[in-house]
Amino acid sequence: QQQVKQSPQSLIVQKGGISIINCAYENTAFDYFPWYQQFPGKGPALLIAIRPDVSEKKEGRFTISFNKSAKQFSLHIMDSQPGDSATYFCAATLSGGSYIPTFGRGTSLIVHP
Amino acid sequence: EPEVTQTPSHQVTQMGQEVILRCVPISNHLYFYWYRQILGQKVEFLVSFYNNEISEKSEIFDDQFSVERPDGSNFTLKIRSTKLEDSAMYFCASSALGTDSGYTFGSGTRLTVV
Numbered sequence: 084q085q086q087v088k089q090s091p092q093s094l095i096v097q098k099g100g101i102s103i104i105n106c107a108y109e110n111t112a113f114d115y116f117p118w119y120q121q122f123p124g125k126g127p128a129l130l131i132a133i134r135p136d137v138s139e140k141k142e143g144r145f146t147i148s149f150n151k152s153a154k155q156f157s158l159h160i161m162d163s164q165p166g167d168s169a170t171y172f173c174a175a176t177l178s179g180g181s182y183i184p185t186f187g188r189g190t191s192l193i194v195h196p
Numbered sequence: 002e003p004e005v006t007q008t009p010s011h012q013v014t015q016m017g018q019e020v021i022l023r024c025v026p027i028s029n030h031l032y033f034y035w036y037r038q039i040l041g042q043k044v045e046f047l048v049s050f051y052n053n054e055i056s057e058k059s060e061i062f063d064d065q066f067s068v069e070r071p072d073g074s075n076f077t078l079k080i081r082s083t084k085l086e087d088s089a090m091y092f093c094a095s096s097a098l099g100t101d102s103g104y105t106f107g108s109g110t111r112l113t114v115v
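Chains A and B are the protein sequences, given in the same order. Position one of the first sequence corresponds to residue 84 (this note's numbering), numbered consecutively onward. Position one of the second sequence corresponds to residue 2 (this note's numbering), numbered consecutively onward.
Covered stretches of chain B (in silico footprint by chain A; criterion: 3 or more residues with CB under 8 angstroms from a CB of chain A, positions within the stretch not fixed):
1. 41-48
2. 90-97
3. 106-115
Don't read these hints as lab results, they were simulated from the structure. Keep in mind the model is a prediction, meaning the values are calculated, not measured. All C-beta atoms in this analysis are idealised placements derived from N, C-alpha and C, irrespective of residue type, glycine included.
Using the sequences provided together with the hints, build the complete structure.
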């Protein structure tokens with residue numbers, strides 16, 4: 084009920100390409116879906132987030148697409164750069180509670196120059 | 002930019018020993034959290050802390066774990082008798098309002114139990 088399933092586990096993209104990471108959740112009560120970016124040796128950092136009242140949110144090269152009926156959401160990185168190489172975690176939470184995100188397993192993204 | 006500071010960055014300990022991991026949350030934050038990440042796996046919630054008491058904890062946070070805010074700045078995680086499977090990266094996080102607002106992670110402490 085609390086799981087967030089993330090795929091793929093790893094992703095290799097050429098510079099300039101589009102990186103797509105998918106997540107699915109089970110708990111329909113979740114109402115806040117953040118994505119975190121983690122560089123080696125660092126803690127996760129909030130990248131972008133979406134609420135289920137919109138189907139898409141874009142910030143620069145990063146876009147979240149949200150499909151409420153399918154209980155799925157995805158992160159698209161346009162024009163991927165080597166500096167985007169990191170581990171990406173999707174998460175889901177109840178914003179009205181104490182905000183404890185349930186994380187996906189993570190996707191290791193490598194962008195080749 | 003304000004940071005969550007964790008010390009030490011890496012700790013090696015003998016199985017059965019006690020360890021204390023330290024965190025200095027962002028100064029005006031009121032909600033504090035510990036997470037762990039076993040190598041190559043997802044980030045897992047351990048415990049949240051507000052108003053000098055535990056507000057939520059996961060099933061991972063059993064009796065060998067405890068948290069404390071001994072003064073106005075530090076937030077500690079104690080593991081009483083470490084086991085090999087406690088080897089992981091431990092992240093502290095803090096937030097201002099217990100919401101997504103300003104939810105910030107530290108850089109973590111890598112704990113290795115040998």
